[in-house]
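2 protein chains.
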Amino acid sequence: MDLYHISPQRATLWEKHKARLEEAKEAWHRRTYWYAYPEDVKAYSEEEASRGEAEFKAQLNRPFDRLLQKGRRWVVSDEISPYTREPLGISYPQSDVGEWIGAAQEALSIWRWVPWSERLGLLMESIERFSRKFFEVGHATLHTTGQAWMMAFQASGPHAADRAVEALAVAYEELSHIPPHVRWEREMGRAKAVVEKYFIPQPEGISLHIGVSTFPVWNVLPGLYASLAVGSPVIVKPHPRAIYPIAIVVAVLQEIFQEYGLPVSIVQLAVDTLEKPVTRSLAEHPLIRIIDYTGGTEFGQYLEALPNKVTFLEKAGVNCVLLESVDDIESVAKNLAFSASLYSGQMCTAPQNVYIPRSGVRTPQGVLSYEEVAQALQKAIEELASHPKAAPAILGALQNDGVAERVHRLSTFVQVRRAATVYAHPQFAQARTLTPIVAEVQTAYEHVTREEHFGPRLLLIPVESAHVALEILYQIARERGMLSCAVYTTDAGFKESAARLLVEAAVPLSFNFRGQVFINQSVAFSDFHGTGGNPASNASFTDSSFIAKRFHWIGVRDCLAG
Amino acid sequence: MDLYHISPQRATLWEKHKARLEEAKEAWHRRTYWYAYPEDVKAYSEEEASRGEAEFKAQLNRPFDRLLQKGRRWVVSDEISPYTREPLGISYPQSDVGEWIGAAQEALSIWRWVPWSERLGLLMESIERFSRKFFEVGHATLHTTGQAWMMAFQASGPHAADRAVEALAVAYEELSHIPPHVRWEREMGRAKAVVEKYFIPQPEGISLHIGVSTFPVWNVLPGLYASLAVGSPVIVKPHPRAIYPIAIVVAVLQEIFQEYGLPVSIVQLAVDTLEKPVTRSLAEHPLIRIIDYTGGTEFGQYLEALPNKVTFLEKAGVNCVLLESVDDIESVAKNLAFSASLYSGQMCTAPQNVYIPRSGVRTPQGVLSYEEVAQALQKAIEELASHPKAAPAILGALQNDGVAERVHRLSTFVQVRRAATVYAHPQFAQARTLTPIVAEVQTAYEHVTREEHFGPRLLLIPVESAHVALEILYQIARERGMLSCAVYTTDAGFKESAARLLVEAAVPLSFNFRGQVFINQSVAFSDFHGTGGNPASNASFTDSSFIAKRFHWIGVRDCLAG
Numbered sequence: 000m001d002l003y004h005i006s007p008q009r010a011t012l013w014e015k016h017k018a019r020l021e022e023a024k025e026a027w028h029r030r031t032y033w034y035a036y037p038e039d040v041k042a043y044s045e046e047e048a049s050r051g052e053a054e055f056k057a058q059l060n061r062p063f064d065r066l067l068q069k070g071r072r073w074v075v076s077d078e079i080s081p082y083t084r085e086p087l088g089i090s091y092p093q094s095d096v097g098e099w100i101g102a103a104q105e106a107l108s109i110w111r112w113v114p115w116s117e118r119l120g121l122l123m124e125s126i127e128r129f130s131r132k133f134f135e136v137g138h139a140t141l142h143t144t145g146q147a148w149m150m151a152f153q154a155s156g157p158h159a160a161d162r163a164v165e166a167l168a169v170a171y172e173e174l175s176h177i178p179p180h181v182r183w184e185r186e187m188g189r190a191k192a193v194v195e196k197y198f199i200p201q202p203e204g205i206s207l208h209i210g211v212s213t214f215p216v217w218n219v220l221p222g223l224y225a226s227l228a229v230g231s232p233v234i235v236k237p238h239p240r241a242i243y244p245i246a247i248v249v250a251v252l253q254e255i256f257q258e259y260g261l262p263v264s265i266v267q268l269a270v271d272t273l274e275k276p277v278t279r280s281l282a283e284h285p286l287i288r289i290i291d292y293t294g295g296t297e298f299g300q301y302l303e304a305l306p307n308k309v310t311f312l313e314k315a316g317v318n319c320v321l322l323e324s325v326d327d328i329e330s331v332a333k334n335l336a337f338s339a340s341l342y343s344g345q346m347c348t349a350p351q352n353v354y355i356p357r358s359g360v361r362t363p364q365g366v367l368s369y370e371e372v373a374q375a376l377q378k379a380i381e382e383l384a385s386h387p388k389a390a391p392a393i394l395g396a397l398q399n400d401g402v403a404e405r406v407h408r409l410s411t412f413v414q415v416r417r418a419a420t421v422y423a424h425p426q427f428a429q430a431r432t433l434t435p436i437v438a439e440v441q442t443a444y445e446h447v448t449r450e451e452h453f454g455p456r457l458l459l460i461p462v463e464s465a466h467v468a469l470e471i472l473y474q475i476a477r478e479r480g481m482l483s484c485a486v487y488t489t490d491a492g493f494k495e496s497a498a499r500l501l502v503e504a505a506v507p508l509s510f511n512f513r514g515q516v517f518i519n520q521s522v523a524f525s526d527f528h529g530t531g532g533n534p535a536s537n538a539s540f541t542d543s544s545f546i547a548k549r550f551h552w553i554g555v556r557d558c559l560a561g
Numbered sequence: 000m001d002l003y004h005i006s007p008q009r010a011t012l013w014e015k016h017k018a019r020l021e022e023a024k025e026a027w028h029r030r031t032y033w034y035a036y037p038e039d040v041k042a043y044s045e046e047e048a049s050r051g052e053a054e055f056k057a058q059l060n061r062p063f064d065r066l067l068q069k070g071r072r073w074v075v076s077d078e079i080s081p082y083t084r085e086p087l088g089i090s091y092p093q094s095d096v097g098e099w100i101g102a103a104q105e106a107l108s109i110w111r112w113v114p115w116s117e118r119l120g121l122l123m124e125s126i127e128r129f130s131r132k133f134f135e136v137g138h139a140t141l142h143t144t145g146q147a148w149m150m151a152f153q154a155s156g157p158h159a160a161d162r163a164v165e166a167l168a169v170a171y172e173e174l175s176h177i178p179p180h181v182r183w184e185r186e187m188g189r190a191k192a193v194v195e196k197y198f199i200p201q202p203e204g205i206s207l208h209i210g211v212s213t214f215p216v217w218n219v220l221p222g223l224y225a226s227l228a229v230g231s232p233v234i235v236k237p238h239p240r241a242i243y244p245i246a247i248v249v250a251v252l253q254e255i256f257q258e259y260g261l262p263v264s265i266v267q268l269a270v271d272t273l274e275k276p277v278t279r280s281l282a283e284h285p286l287i288r289i290i291d292y293t294g295g296t297e298f299g300q301y302l303e304a305l306p307n308k309v310t311f312l313e314k315a316g317v318n319c320v321l322l323e324s325v326d327d328i329e330s331v332a333k334n335l336a337f338s339a340s341l342y343s344g345q346m347c348t349a350p351q352n353v354y355i356p357r358s359g360v361r362t363p364q365g366v367l368s369y370e371e372v373a374q375a376l377q378k379a380i381e382e383l384a385s386h387p388k389a390a391p392a393i394l395g396a397l398q399n400d401g402v403a404e405r406v407h408r409l410s411t412f413v414q415v416r417r418a419a420t421v422y423a424h425p426q427f428a429q430a431r432t433l434t435p436i437v438a439e440v441q442t443a444y445e446h447v448t449r450e451e452h453f454g455p456r457l458l459l460i461p462v463e464s465a466h467v468a469l470e471i472l473y474q475i476a477r478e479r480g481m482l483s484c485a486v487y488t489t490d491a492g493f494k495e496s497a498a499r500l501l502v503e504a505a506v507p508l509s510f511n512f513r514g515q516v517f518i519n520q521s522v523a524f525s526d527f528h529g530t531g532g533n534p535a536s537n538a539s540f541t542d543s544s545f546i547a548k549r550f551h552w553i554g555v556r557d558c559l560a561g
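Taken in order, these protein sequences are the chains called X and L. Using numbering that gives the first Met the number 0, the first residue of the first sequence is number 0, and each one after it goes up by one. Using numbering that gives the first Met the number 0, the first residue of the second sequence is number 0, and each one after it goes up by one.
If you're looking for bench data, these hints aren't it; they were derived computationally from the structure. One or more of the hints may lead you astray.
Examples of chain X residues toward chain L, derived with CB under 10 angstroms [as the list claims (entries may be wrong)]:
no.	residue
1	V194
2	Y259
3	G260
4	P425
5	A491
6	V506
7	S521
8	S543
Ideal Cβ placement from N, Cα and C applies to all residues, glycine included.
Bound-form chain X, shown alone (with noise of 0.2 angstroms):
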């Protein structure tokens, strides 16, 4: 019985790519470090930068006609760009509804016929291609989102098509592991049982992604790859104000599967705008069976809450540090002033409530009281945010001005030690900028300290033991959520009960970073991003659940003899 539909030139991708990926499945069990494409901007050629800055530049106030979809209509984006507060004046097609969801579906009854090993192959080849993009996405994530370069090229760049290969590993072992084909036989008595088995991976349905404006590319890739792969169409619905960089993703895919004959719609950019916004339209069409998204709890909650649907969800986490005892305050200092500037705060894994015993806390010189631990952090803080190269090159710009009103809305509620305020990027004199605040939250504000306030804050709160504040990440990890978590200690036994009590609360969670070691960063092929345990996520890049909730495998038996 032959089901698939099959393709000889597709197939030769598959046999092109087949060796890199098995090398990165075995990198993704092995977790040691590994990559698919180097983060150094110097591995890449001059001739690459150069023709990446021009192809964003020649893309600005044009429409952005590299899609093969369908449009009914010209859209012009809501994007402006953080550092020149200018909009981008890029136009995108939009469709309807109703036109995204059965083109999907069309494309969803031969996408499920093709061989998985021809879909790792495209799949595979679309990420090599998509790499000689990564300048272009640098730029336009850059102007998107906020974020410095290095980051911007990183994150959407290398970082993401890691993630993106990572995803395909795991997809690839989760499909391979059945055989597509088996012949079962049984003596029975005189008789002779044969039935020929065939085991058939097939999607649940269509996948809605829903984007978010601060990480556009990072945070879609390893879903859109993950349902591409198990072949489920997918509809990415990017944010409004961040549509550029992964528009460049689709138009990549699209182009390769017009090449190797196959619809265009197996992925689609459906854009929308902050004054017509269609993803409450979509995630609730019965079509769509598979959501992932980033972004607000709020809006979580109400994806999570739709009937009948597969969700793959990072909402909102309030990240903490615990200082119990630390070799070195200074080193400590700065790692955590890096942490909690680096894209002013805007990464979901940045740290917030810093907990610091008021008995102070311990090194090989003494004790710290807790002033000179506060002291110590706004001192690293005011350094980094002071400094005319560091700063610009690690907070970079603040996304929209509702960050700032944020930050700004908090300092009526605490201490303030350290003021937010802007500093001057020395490229972009119209920059939205802000530097961190620091401040001190007393127990009678504890509520405070129970939100995330998504920007440049770092929040430190006096507690009456490290113990104590074990407890407190064990209840807010459990209650809110948390993306990530650092302790500092010295101490065998309390890193051990630390350990213990944040992993049952599915806290990640990292002790004594330090040096150029941050704990915003999760790593493709080692770390696992989100967990799935607690309030903050309900999946992990890229767990084997990542992959397995998105399809099923049929079984069709075909009976021989009997």
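Following the hints, put chain L in place on chain X, whose structure we already have.
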């Protein structure tokens, strides 16, 4: 960092069973004929057989005092033998919902930190010990479910044990494919980052398993062992009419947990009565995070809608047969008659709707008319049902009066070709029996064919053509769900069309089953049971998501140098 509760004594069990579990894991991947426990009763000794029968007889009308869990009171169960119509007279210890949850929560704090290898060793050992109870559980199953002896022995004994081993094999794969600990190193300019990474599997929380009266062991063991394997304590809430069989399993597990220094409340039996059910109170408790369930659709939908639960549900399906063309109608009719009669149609995989083209069914000898096909089926059922030895061995008895009532009610909507009649059981004069109704359903009563009529029934449905029937099957699968489906065709083209269409509706499909191969049966290590893709079941025994959805990987990173 050593976070686990380690025991050298428990570790020996892992050494003892590891090779066997490796073998099971390979079999799961290979999917050819393999078993852990032989299904043939003759593979077991006479001594075992008579000991099992004696154990069963000794248990009747006595408290089930083998459980080690605490009880607040003894409750006499609603168990009544479908064969003797006598109450079994067994009482079980009962606690209150809060007590069960509290004990499970205490167990969770230990069990989650027992290394998975020790857990798997303990669980394999428990299945081995349970295998010494196969005869007792067979008798207990016969006298609670109404299954005939061979099914009662096989389904609750070796077949259930095989599904448990299978669940452990997949858990072994899922838990072992990520290393527990790795040293991650990376050169960073002049510095070198060194991070010790720990990957710790943690369960979603406590599990609740809601059993069914017809398969009190086979449908419970996969989920029970899957949850236990990932560190989740399980509260087993059996159907009030079929407690004894699964109580035997729980007692074996508790005995082993106690022997190996663990809380017996890692698994608890939570009995209730028809008069005072506790299932909703348990299911709605916020600490219950995983629910396994087999039973009616309505209650399944209620469970599915509960917030913050991971559910594995098997609900009702409408199983269909389509006759397009056959080699030999007599052998097909015999095969279907057996499938429809086996355990009086009380298997979730029993066929119900038989679609026969009005224009007849092609054979190598010419076209058989609709009426000829209908008569062949009716005759095969008649022969089986009137055979003094075959009838009791195949039909067994009805689990409860509701089944008979449902079949009688059905007869008012359909055109009865063969009435459901009581057959005289040679061994048990009081047995609750009913032979299958064979009826015809005309288009006007089509709604009757869209519901499951659980019990001994076969509905013949004249249909325009085999292609039209395929469309009907597709619709039924999408809207109502299907747990099995048989298509008979000698036409390669029709076979492929049927496979493509029905696989898209996530139907487990069987072509041309004949002889001793029956569509009702799904065998461990080769067939999946349920697909997760149609409304009849949101899960599948045993694919990776059956395990992976129950736990999360939590990463702990310890930075040694940055």
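A quick look at each hint next to the structure:
no., hint, result
1, V194, "holds (6 angstroms)"
2, Y259, "violated (21 angstroms)"
3, G260, "violated (19 angstroms)"
4, P425, "violated (24 angstroms)"
5, A491, "holds (8 angstroms)"
6, V506, "holds (7 angstroms)"
7, S521, "holds (8 angstroms)"
8, S543, "holds (5 angstroms)"
Checked against the numbered hints above, the structure violates hints 2, 3 and 4; every other hint is satisfied.
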